[in-house]
Amino acid sequence: MALIARVYRSDPEERRGAPRYPVLVDATLRASDDGLPLDVLIYDLSMTGFRMETSEALDAEAMIWIGIAGTRVNAAVVARRGPNGYGCEFVTPITFYQLSEALNPAPVVVPLVRPEGTAVRPKWGRVLLASLAIGAFILCVVSLWPV
1 MALIARVYRS DPEERRGAPR YPVLVDATLR ASDDGLPLDV LIYDLSMTGF RMETSEALDA
61 EAMIWIGIAG TRVNAAVVAR RGPNGYGCEF VTPITFYQLS EALNPAPVVV PLVRPEGTAV
121 RPKWGRVLLA SLAIGAFILC VVSLWPV
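Numbering (full-length UniProt numbering), first residue to last: 1 to 147.
FYI, nobody ran anything at the bench for these hints, they're computed from the structure. Just to be clear, a hint being listed does not mean it is correct.
[Claimed, not checked] Quick list of simulated restraints, FRET-style, between CB atoms:
| hint | residue 1 | residue 2 | range |
| --- | --- | --- | --- |
| 1 | Glu89 | Asp26 | 17 to 25 Å |
| 2 | Tyr21 | Arg126 | 18 to 26 Å |
| 3 | Met63 | Asn84 | 19 to 27 Å |
| 4 | Val91 | Leu24 | 22 to 30 Å |
| 5 | Arg80 | Ser55 | 29 to 37 Å |
| 6 | Val110 | Asn84 | 32 to 40 Å |
Ideal Cβ positions, reconstructed from N, Cα and C, are used throughout, including at glycine.
Let's have the full structure, built from the sequences with the hints guiding it.
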């Protein structure tokens, strides 16, 4: 039995293992040669790779480690260099959870810092003062109560 099929060739730029999502995420890159952290911008992200820009020159097929907020540090390989930065492929694809955390980062919580010289009084001081006042009142009532 014969099957009739039509084979389509896709553009090499569009042969991806997973759908990519446009993002603008700050990340930290460490190259395998020196290990120094570099700040990079990620523009496209998928479960299998990403596109990034950096001011540093990277070799094709170089092993790198990328830290993206919401994901752990992941190993990747520089797959190509183009006019819009570097295309990189994760050695092990990231999980759906890591992808969703990177695409929807949690808001940054900044702790409230009080200006110097403005002390906060502990609440237990008021409770202790109120307890002493109530105790003194009860003692006065009991001592003056006619027997």
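Checked hints:
Distance hint for Glu89 and Asp26: a CB-CB separation of about 20 Å, consistent with the stated range 17 to 25 Å. For Tyr21 paired with Arg126, a C-beta distance near 53 Å fails the hint of 18 to 26 Å. A hinted range of 19 to 27 Å for the beta carbons of Met63 and Asn84 is consistent with their spacing of about 22 Å. At roughly 24 Å, the beta carbons of Val91 and Leu24 sit within the given window of 22 to 30 Å.
Hint check: Arg80 to Ser55, Cβ distance near 18 Å, so the stated range 29 to 37 Å is violated. Between Val110 and Asn84 the CB atoms are about 33 Å apart, so this pair conforms to the stated range of 32 to 40 Å.
Checked against the numbered hints above, the structure violates hints 2 and 5; every other hint is satisfied.
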